[in-house]
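Asks: Single-letter residue listing:
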Amino acid sequence: MAPFLGLLRRDLRLSLRQGGEMGLVLGFFVMAVVLFPFGVGPEPELLSRIGPGIIWVAALLAAVISLDRLFAADHADGSLDLIALSPLPLEAAVLAKATAHWLTTGLPLTVLAPLLAVFVDLDPAAIPVLMLGLLIGSPVLSLFGTIAAALTIGARRPGVLVSLLVLPLYLPPLIFGAGAVEASMTADSGHADLLLLGALTLAALPLAPLAAAAALRQALE
Amino acid sequence: MMTRLANPARFMRVSGAALPWLGGATAIALAIGLVWALLLSPPDYQQGESVRIMFIHVPSAVMAEGVYYLIALASFVALVWRHPLADVAAQAAAPLGAAFTLVCLATGSLWGRPMWGTWWVWDARLTSVLVLFFLYLGYIALVNAFDDASRGARAGSILALVGVVDLPIIKFSVDWWNTLHQPASILRTGGPTIDASMLVPLLIMALGFGLLFATLLVLRMRTALNERKARALRLYAVEPRATEAAERLPAAGAAARMRRA
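These protein sequence lines are chains A and B, in that order. Counting with the numbering used here, you get residues 2 to 222 for the letters of the first sequence. Counting with the numbering used here, you get residues 3 to 263 for the letters of the second sequence.
A portion of the hints provided could be inaccurate.
[What the hints assert, rightly or not] Where chain B lies over chain A, by a calculated footprint (3+ residues, C-beta under 8 angstroms):
#1 51 to 61
#2 72 to 83
#3 99 to 109
#4 123 to 131
[To be verified] Distance ranges between label pairs, derived from CB positions:
#5 B/23 with A/29: 53 to 63 angstroms
#6 B/233 with A/161: 25 to 35 angstroms
#7 B/236 with A/51: 33 to 43 angstroms
[Claimed, not checked] Covered by chain A, according to a simulated footprint, are these stretches of chain B (three or more residues, beta-carbon under 8 angstroms):
#8 87 to 93
#9 98 to 104
#10 163 to 174
#11 210 to 224
Everything labelled a hint here was simulated from the structure, so no lab data went into it. Positions of the beta carbon are idealized from the N, C-alpha and C atoms, including for glycine.
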């Protein structure tokens, strides 16, 4: 447990000390949402209809942006080899990195969501479902993201490649997360979508670190 | 048979002997299938002559799905048993699968225009095939993104396995999404039950496409192995001592064995 927490603390400290990075991701999130009214027109009815989708897509893109730096910096200065050699299992190390990524990306995005709900004129009753969905679903984004980031260590143009790889994997949380909000807005219940989102997270928790650790081992060979 | 064909030299001999037969069988199957499907089969009572696109569209859809599972299987074999030709097969198959998917999407579009009045509709099946196309593109991009070819092969095999595990999840969620958003639609969700006069040419076309894939796969694998040989020979010509030193390392043993074969 101690090595896991140690790695988690190290990653959090690194990203908080370079505070700009977290701010950049959140800034991108806000900017992406703000772009849409300029593209589709400012009518409130239209925006509130497509609002949940906009916020979720922007959250996905913001998560993707920070992914390629997940392992790249550690690989460049050799810490990744040290982490692989440590007594901490590589899967646990991946889980620690995914947790750090979620704490610095997914969680702040969730907290920022009500502000963006105002920009897209979202029905206030739907905001709790939006936040709950983002809270449950953003760990999936971080977990799948570690797989893509681990696969692209040492690649040419890792940033674009990570996006191409990970966006098909991001479709299920997007569908269920945005679907939950839309279901709750049409006087249906978002329960089914949220439960499925939870199932995705629970399935990704053990499986994604397995795949990412295998990818890391291949990268470090 | 897998272990017997694991030796690249033996694979080249066996595939070289089999290739003319494969090609011939492909030509015959496709010739019979195309003539029967496009000229001799009856027009549909509702769709008229444009139903004939189905004879290209459905076999390519079957191949698109099947090739992805084949790539996943080959990747599994490559990772678990380190079969030397498994990742060659997977990488050779990927552009073929992507091409089948593209043909499926394009012919589907061409079929949809007269049938539904639109080039594209976000139907569950079309969306799943589009996502499959992006999975293929991602695999091809990843494998080619590394200067070291073996690193690309290893990364690609993991991605293929992740993709095949995620594919049912993606399909389920796209189905879910589609049933929630289904507008009042004129689309029949299934086809009509198909008559034997159309089923037989369809099966022949499917067989022809399968044989075409097998022929092209063997051709691409032989090309890839020849490229490897050529690269090793070029390296040897430039720096014989370094290549021989590298040969003594187990990882380069396969390349050396292939050169001497």
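Asks: Next step is simple, just say for each hint if it's right about the structure.
Replies: How the hints compare with the structure:
1. 51 to 61: violated (count 0)
2. 72 to 83: violated (count 0)
3. 99 to 109: violated (count 0)
4. 123 to 131: violated (count 0)
5. B/23 with A/29: 53 to 63 angstroms: 57 angstroms, holds
6. B/233 with A/161: 25 to 35 angstroms: Since residue 233 of chain B and residue 161 of chain A have Cβ atoms about 27 angstroms apart, the given range 25 to 35 angstroms holds.
7. B/236 with A/51: 33 to 43 angstroms: For residue 236 of chain B and residue 51 of chain A the Cβ distance comes to about 56 angstroms; the hint is violated.
8. 87 to 93: As far as the stretch 87 to 93 of chain B goes, the hint is violated, because 0 residues have Cβ atoms under 8 angstroms from chain A.
9. 98 to 104: violated (count 0)
10. 163 to 174: holds (count 8)
11. 210 to 224: violated (count 0)
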